[in-house]
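When you get a sec, could you build the whole thing from the sequences and use the hints?
Residue numbers (our numbering), protein chains in the order written: chain A, 45 to 420; chain Y, 45 to 420.
No lab work stands behind these hints: they were computed from the structure. Please read all numbers here as calculations on a predicted model, not as lab measurements. Some clues are possibly wrong.
Since the list gives no way to pick one copy over another, a pair counts as held whenever it fits inside one copy or between any two copies.
Claimed, not checked - Capping the alpha-carbon separation at 30 Å, the derived lysine-lysine pairs in DSS-like fashion look like this:
1) Lys312 <-> Lys204
2) Lys257 <-> Lys312
3) Lys414 <-> Lys103
4) Lys414 <-> Lys190
5) Lys190 <-> Lys361
Protein chains: 2
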Amino acid sequence: MKRLSSAVETDLSKPSSTTEGNYDLITFLERYRTSFNGLTLIFSLFFTITLSAQQPQKKYVLVIHGGAGTILKSQMTPEKEKGYTDALNEALEKGSAILNQGGSALDAVEASVRILEDNPLFNAGKGAVFTNEGKNELDASIMNGKTLAAGAIAGVTTIKNPISTARAVMEKSPHVMMTGRGAEQFAKEQGQEIMDPSYFYTEDRWKGLQRAKQDDAETIIVDSITKQSLLKQPENKDYKYGTVGAVALDQHGNLAAATSTGGMTNKKFGRIGDSPIIGAGTYANNKTVAISGTGWGEYFIRLVMAKTISDMMEFGKMKLKPAADEMIMKRLPALGGDGGLIAVDKDGNIAMPFCTEGMYRGYVKEGGKKVVLIYK
Amino acid sequence: MKRLSSAVETDLSKPSSTTEGNYDLITFLERYRTSFNGLTLIFSLFFTITLSAQQPQKKYVLVIHGGAGTILKSQMTPEKEKGYTDALNEALEKGSAILNQGGSALDAVEASVRILEDNPLFNAGKGAVFTNEGKNELDASIMNGKTLAAGAIAGVTTIKNPISTARAVMEKSPHVMMTGRGAEQFAKEQGQEIMDPSYFYTEDRWKGLQRAKQDDAETIIVDSITKQSLLKQPENKDYKYGTVGAVALDQHGNLAAATSTGGMTNKKFGRIGDSPIIGAGTYANNKTVAISGTGWGEYFIRLVMAKTISDMMEFGKMKLKPAADEMIMKRLPALGGDGGLIAVDKDGNIAMPFCTEGMYRGYVKEGGKKVVLIYK
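Here it is, written out as structure tokens:
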């Protein structure tokens with residue numbers, strides 16, 4: 045473990061309310077039960093009864109992201125910033141209302157991601173970027189940390205909310221992953237909302253494709269491994285990448301993760317990134333953590349990003365923050381990639397590391413205010 | 045770690061030759077160097093010089109599989125058994141010749157898998173099973189343990205050797221994964237061998253599709269998680285699943301893994317299994333292990349099978365055998381899946397666990413005979 049980050053873990057879930065204080069005292073008493081024995085047991089019981097009488101708000105956490113990239117305040121208009129902030133707040137509101145009412149983490153992450161999919165500002169659903177052929181090809185995946193059930197779709201062009209179809213794959217089929225025309229047929233049979241491909245047209249993304257085509261024609265890059273000239277890598281990753289995602293811990297202690305994307309501007313060859321890959325862009329396990337990634341997908345796949353963080357926690361007994369930092373701040377850039385992720389662990393600790401200039405992100409906890417952030 | 049298997053590791057790479065004996069003595073001396081200090085150093089140097097003078101065969105290992113399933117000796121004809129055994133031997137011969145000449149693990153696993161892809165007995169390449177629509181949709185992936193570079197293709201219908209196209213994705217594109225028509229366009233541009241889809245027709249597989257369609261029409265299954273009726277799960281997994289794969293350690297200490305498949309008989313909806321998913325069906329990392337899986341793909345994806353074993357070794361400091369056994373003999377069946385895998389670690393230890401009746405498999409090491417096995 046010597047090679048791992050020594051960064052101090054900032055527990056963003058640090059309790060501040062009175063009820064949380066009582067809970068801490070019980071934890072303290074529980075810890076020393078073996079020393080104090082019977083007397084402690086009585087005290088414990090007393091405090092448990094007190095706690096029940098107060099009917100405290102049970103713990104829940106929702107974290108969302110709208111993509112990582114070179115997001116600089118200097119290049120942002122107040123209107124645009126407000127658009128992003130409003131959308132992130134709306135997604136947090138929708139998901140946390142479900143959690144607040146005792147709903148499932150799965151329902152919460154799906155609801156939050158649908159809000160972001162329907163918003164043209166984000167590269168997912170309505171705001172998806174264009175492929176080289178001028179199409180919008182969408183990918184999404186979802187995972188249930190309680191059962192390790194998972195669902196994913198890739199390369200679909202007519203599904204309004206890919207995250208809901210991914211959930212249908214998980215719950216209404218024996219499969220985990222479906223692609224292309226077949227996935228669309230499944231979505232139709234399942235009564236998912238199907239749109240004409242023109243629904244996904246936005247002027248901004250169309251302009252983005254024209255810019256990308258121009259850039260791609262002008263640049264040849266050399267691969268660091270093979271030293272060979274390669275198909276063009278994105279020069280300006282800001283308008284080329286983008287993802288949305290949500291992770292949640294519900295009041296029942298269940299974790300879930302969801303990720304949705306329009307992929308990469310000007311992508312060719314049916315390219316698939318990390319978003320629909322379980323273990324890379326999305327992973328949830330009640331034993332450890334729920335994670336949704338955003339960034340240069342190829343590197344997230346090669347690092348098997350999300351599952352590796354879970355395994356650092358399960359097998360390496362690491363805490364979330366140092367594990368996530370090790371992957372995003374060290375191993376990802378060391379390999380040549382960039383991006384970020386959001387995570388919530390089984391105890392409600394959150395992490396939102398990114399090695400880009402910014403990441404659209406936000407979180408909310410039981411009894412707390414919604415927090416929305418964009419820059420470093 | 046208490047929950048993990050306590051099975052004793054059988055090191056199939058146990059040295060037996062004289063040169064290997066010398067090597068062990070050096071290892072012994074190295075271990076006690078701190079105690080013996082200067083004297084030991086002299087002894088070490090002496091033996092190292094002796095070793096160099098003998099020019100020993102450097103270590104290499106190749107392990108292959110041709111799929112796991114209900115393979116019973118009672119249901120096998122001598123002709124069929126010979127067919128499988130001959131093919132596995134041919135694949136071992138081809139790959140190990142490369143390793144013996146000092147070639148790369150990557151070249152070896154690609155060469156071995158191509159032999160199995162070209163043989164109609166295995167569900168990959170020429171012997172691929174049919175989809176519900178009567179097509180053959182192929183998936184494959186490959187990973188370089190030295191660089192963590194990876195390539196994968198999914199849902200292609202015209203590529204003779206998908207494993208070679210997966211390698212082209214890895215080496216000649218900035219991407220890791222390509223699908224469908226786009227992947228085929230890339231293959232064409234890269235000069236990969238393209239066949240008419242009729243090349244993949246075999247009578248056995250066509251009959252298998254008719255059997256599967258009949259079975260699928262007769263059975264409704266209930267999901268253990270959601271208690272809902274689901275799309276049919278395969279009743280007879282033997283003729284529905286199948287994969288080929290290879291893993292190798294070369295003389296330079298580099299690991300590589302490759303997997304190729306025709307997927308699942310009667311599959312619908314563009315279903316993708318674990319074979320083209322990096323971290324699930326295929327993974328290689330010089331720090332730990334190279335793995336290729338075969339079995340019920342959905343469970344391999346949910347468990348992120350291959351990467352989890354690597355992480356048990358990296359973060360849990362486990363040895364290969366107990367880590368692989370924990371996943372294949374415990375966690376996989378506990379979740380409701382089955383299958384097997386082949387693995388070789390950075391020290392040349394191999395593991396070939398499976399929780400099915402049989403798995404077509406074989407291995408060969410420097411200076412050793414080819415070993416081919418089918419049953420338990």
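* When the hints from earlier in the document are held up against this structure, which numbers fail? -> none
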